[in-house]
Amino acid sequence: MKILVAVKRVIDYNVQIRVKEDGSGVVTDNVKMSTNPPDDNAVEEAVKIKEAGKATEIVAITVGEEKAQETIRKALAVGADRGIHVKVDGIIEPLAVSKILQKVVEKEKPDLVFMGKQAIDDDCNQTGQMLAALLNWPQATFASKIEVKEKSLEVTREVDEGLETIEVNVPAIVTCDLRLNEPRYASLPNIMKAKKKPIEQINASDLGVDTNPRIEQIKVEEPPKRKAGIKVANVEELVQKLKNEAKVI
Amino acid sequence: MSVLLIAEHNNKEVKPFTYNAITAASQIDQDLHVLVIGLNADEVAKSISQVPSVKKVIQVDNEIYENYIAENFTTAIIKQSDKYSHIVCSANTFGKNLMPRVAALLDTSQVSDIIKVISSDTFLRPIYAGNAFATVKSNDPKKCVTIRPTSFDPAPTTGGSAEIVKADAADKTETTQFVKREEIKSDRPELGTARVVVSGGRGMQSGENFKLIQQVADKLNAAIGASRAAVDAGYITNDHQVGQTGKVVVPDLYIAVGISGAIQHLAGMKESKVIVAINKDGEAPIFSVADYGLEADLFEALPQFLSELNKLNTIQK
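Heads up: the sequence lines are chains A and B, in that order. Mapping of the first sequence onto the working numbering: position 221 corresponds to residue 221, and the numbering continues sequentially without gaps. Mapping of the second sequence onto the working numbering: position 242 corresponds to residue 242, and the numbering continues sequentially without gaps.
Rather than coming from a laboratory, the hints here were simulated on the basis of the structure. It is possible that part of the hints are untrue.
With a straight-line Cα cutoff of 16 Å, these simulated EDC-like cross-link-like pairs (lysine to aspartate or glutamate) come out [what the hints assert, rightly or not]:
1. B:Lys180 with A:Glu161
2. A:Lys219 with B:Asp121
3. A:Lys145 with B:Asp232
4. B:Lys180 with A:Glu167
5. B:Lys311 with A:Glu237
6. B:Lys311 with A:Glu236
7. B:Lys180 with A:Glu147
8. A:Lys231 with B:Asp297
9. A:Lys231 with B:Glu283
10. B:Lys185 with A:Glu161
11. A:Lys243 with B:Glu308
Please model the entire structure based on the sequences and the hints provided.
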């Protein structure tokens, strides 16, 4: 089996977001960037499947500006075999990303496509499901366990009520939850080796996909701030405040 | 303009967030129709027809819809989509799984997880785990929107009498099979809609220690929440997780116990009306959003809290 894993470069999850004063977005200059966390889980799962002898090749793909390649290098350093970087500048919506991925899937013909369930920047949670729709493939979203069978996957999904298990025929799309696995760290020798692995660059415009945004971002603002609270000295005071001041118990 | 809302239910009962989504949908446009896809879900269709703001209920009933499979639901929705300017549903795991599949087939760029309807094409939505709010305008002729249910009040459930019309099923997918669903049954209020939530984090140190949380929750008739760290550590099941990739809760009272307050957790609870933090680390970020902070060892504070609650004559339920 061949697995295509999609990764996205986002503001690191530890960074405190700052909104630009002109309301045009958030500050990204001189801000630490890294791979979208659940995309790391997607890469890890693909590598584990290959290590178990059930996959033959892992291709990591990203869609974005020049620096987005860093996310592919990271995937290559933990076990992906080669990379594809679809270059596009500016804001790109999940619908356009899924159309780009569709073009690449049609060329690469993977059996599985893995990616994180949600990107932590725009919090859209769309791309995997959209790609599945465009390809008319089954989708297994929010996966916390994947069992590879002969021609199918049994996937445990995290849903609001608990867990759900579905079986999807291959080819299929899986979007990964943070609890799917524990992503490994790349060793220094593997980081060096990854530098020699090939990354193919494609311009999004060459794929014939319209990447113009359909959604206008009118403004980005700070959320309303909570007013500062107080520290209470002990449990008695806490219960008294909740009862008589906040009146919530 | 007409809005088509996709109802979430279990073939017997309407899931409560459907009523919150109805409120948001009726703010987009008054001509609101609700699509009930299921098997023998007559009671569900009937319940929804009694919501005053619903103008019509469309019921698609077939054995292929016994379980919720996004592939099957999508084709049923597409079949109805022609007449509508907006297709909407809740932004929970039901709607998050379903709506992008619909949107892609309609060649629409979806607007996810809205918290406010500004006009029929302009919405407010949180980004970066709620650390920024974006006002966005959809320029697609047909709009697909998911709604953060806790940002809207539930619609009244009685007084209406919308007509219920039946519609045909679409083709069945052969590539996805439902295997099983493990729902955790509980007598407690649902986490998403509870008036009070008591949450535990890594500071709880074990699943066994969550008993302390349970005792307080029993007393307050509260739902139990957890940080991702607590779920990852196996202290409690995933359906309790509050945060950016878990559930968003807006209770009247949120009590965070042994939770440091990573931005990913704050994303799921910082809109709560009153927040209490109990943590022994006085520098923990959770205190920055807490109305009442108690710097204390939770293993001493929780039993004391319970005994103080026991002293009260009355407790709101």
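Going down the list of hints, with the structure as the test:
Restraint check: the Cα-Cα separation between Lys180 of chain B and Glu161 of chain A comes to about 13 Å, which is no more than 16 Å; the hinted pair holds. The straight-line distance between the Cα atoms of Lys219 of chain A and Asp121 of chain B is roughly 15 Å, inside the 16 Å bound, and the hint therefore holds. Distance check on the hinted pair: Lys145 of chain A and Asp232 of chain B sit about 13 Å apart at the alpha-carbon level, within 16 Å; holds. Using a Cα cut-off of 16 Å, the hinted pair Lys180 of chain B and Glu167 of chain A holds, with the two alpha carbons roughly 10 Å apart.
A distance of roughly 13 Å separates the Cα atoms of Lys311 of chain B and Glu237 of chain A; the hinted pair therefore holds under the 16 Å criterion. Proposed proximity of Lys311 of chain B and Glu236 of chain A is supported: the alpha carbons are some 10 Å apart, at most 16 Å. At roughly 15 Å between alpha-carbon atoms, Lys180 of chain B and Glu147 of chain A fall within 16 Å of each other, so this suggested pair holds. Proposed proximity of Lys231 of chain A and Asp297 of chain B is supported: the alpha carbons are some 14 Å apart, at most 16 Å.
This hinted pair checks out: Lys231 of chain A and Glu283 of chain B have alpha carbons roughly 12 Å apart, not beyond 16 Å. The hinted pair formed by Lys185 of chain B and Glu161 of chain A meets the criterion: a straight-line CA distance of about 9 Å does not exceed 16 Å. Among the hinted pairs, Lys243 of chain A with Glu308 of chain B is consistent with the structure: their alpha-carbon atoms are about 11 Å apart, no more than 16 Å.
The earlier numbered hints are all upheld by this structure, with none contradicted.
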